[in-house]
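With these hints in hand, go ahead and build the complete structure from the sequences.
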Amino acid sequence: MTHRTPTLAQFITEKEHALAVATGEFASLMSAIALSTKLISREVNKAGLVDILGLTGDRNIQGEQVQKLDLFANDTLVRTLARSGAVCIMGSEEVADFIPVAPPHTCGRYVVVFDPLDGSSNIDVGAPIGTIFAIYRRRSSDGPGQATDLLRPGREQVAAGYVIYGSSTIFVYSTGEGVHAFTLDPSLGEFLLTDEGLRIPEQARIYSINDANAPWWPPAVSHWVDGMRHGAGKGRYTARYIGSLVADFHRNLLRGGVFAYPADTRDPALPDGKLRLLYEAAPLAFLARGAGGHASDGYRDILDIVPDSLHQRTALFIGNREEVEAAVACYGQETGRGSSGGS
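Residue numbering for the sequence shown follows this note's numbering, beginning at 1 and increasing consecutively.
It is worth saying that the hints were derived from the structure and are not from the lab.
Hints may be right or wrong, so weigh each one.
List time: in silico EDC-like cross-link candidates among lysine to aspartate or glutamate, alpha-carbon distance up to 16 angstroms [as the list claims (entries may be wrong)]: (1) 68 with 124; (2) 46 with 124; (3) 38 with 190; (4) 38 with 185; (5) 15 with 196; (6) 38 with 25; (7) 38 with 75.
Here are the computed distance ranges between Cβ atoms for each label pair [what the hints assert, rightly or not]: (8) 266 with 235: 25 to 33 angstroms; (9) 46 with 95: 21 to 29 angstroms; (10) 235 with 167: 22 to 30 angstroms; (11) 199 with 126: 24 to 32 angstroms.
Quick reminder that beta carbons are idealized off the backbone N, C-alpha and C, glycines included.
Shown next as structure tokens:
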């Protein structure tokens, strides 16, 4: 009997059918995300051949220059998700306000927030980039979604994932019951299961941080990084930093390691850190927990932070649990504040 590798759609449908309340709506939503990322992958792969590289000339709500592929990825996700019938409201890095789903589209019972193209500053040099997403179940009863449907702590996510566009296109997601990876087979146009139940290796030997910001780090971060540089009784670590959050996280998920983007004093406008809580830190924290890891802002578990706004910023330490807890301990020693704990 020939064993067939399941596609992403088959895998999700099988998992959803195991639930007594299965309606197929979640599977439809995930199919819409998968379709969007296939379209984005296609454009990324031919970026140097058509006029889609470079800047649009605009800046997004973050004040960052918008790449042409940023805009394509955002428009593709918004359009496809709105048509899915499974979503009532969305939030995107590229859009200043919430994006409610309105007629003629059908409002569903899910909420999606996303970074359409993380690491887009790497587009022109061919380095890995990715899409990050988080899914919540709506709180409001019916009709277009509300702000309260979106501004939720990460623990309330029903699923999260990312797609990395590199030497291959890989779709990674979790519903809280394991972290699974699917690789796009370009000849079939399907994501095929390549890793089920991923776990972050307990022996972390990689740290990912932008050392150029070291002069502005708080002493706790300098102490923590020095411990990894010099071994601290556990053997020296290797520094690996791509500058694309999703790519650095993916490597550390597979090989064991920790990523950090701490708050620092370099930019007074970003006292709490640079990364976005809702659609960058929280989804990856959900995945890290599902793979046996942890995520913190230095004081609190990322999954416990309740956002005040769509584009709220945060510091982030994520990956191997032991090393994230070591960073938290360094902050605790410096400030006297308690640990972030975590589950």
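For each hint, the structure was consulted:
1. 68 with 124: 11 angstroms, holds
2. 46 with 124: Given pair residue 46, residue 124 holds - Cα atoms ~12 angstroms apart, limit 16 angstroms.
3. 38 with 190: 9 angstroms, holds
4. 38 with 185: 10 angstroms, holds
5. 15 with 196: Since the Cα atoms of residue 15 and residue 196 sit roughly 13 angstroms apart, the hinted pair holds (cutoff 16 angstroms).
6. 38 with 25: 20 angstroms, violated
7. 38 with 75: With Cα atoms ~14 angstroms apart, residue 38 and residue 75 stay inside 16 angstroms; holds.
8. 266 with 235: 25 to 33 angstroms: Holds - the Cβ-Cβ distance for residue 266 and residue 235, about 31 angstroms, lies within 25 to 33 angstroms.
9. 46 with 95: 21 to 29 angstroms: 25 angstroms, holds
10. 235 with 167: 22 to 30 angstroms: 29 angstroms, holds
11. 199 with 126: 24 to 32 angstroms: Roughly 30 angstroms apart at Cβ, these two residues keep to the hinted range, so it holds.
The structure fails hint 6 only (numbered hints given earlier).
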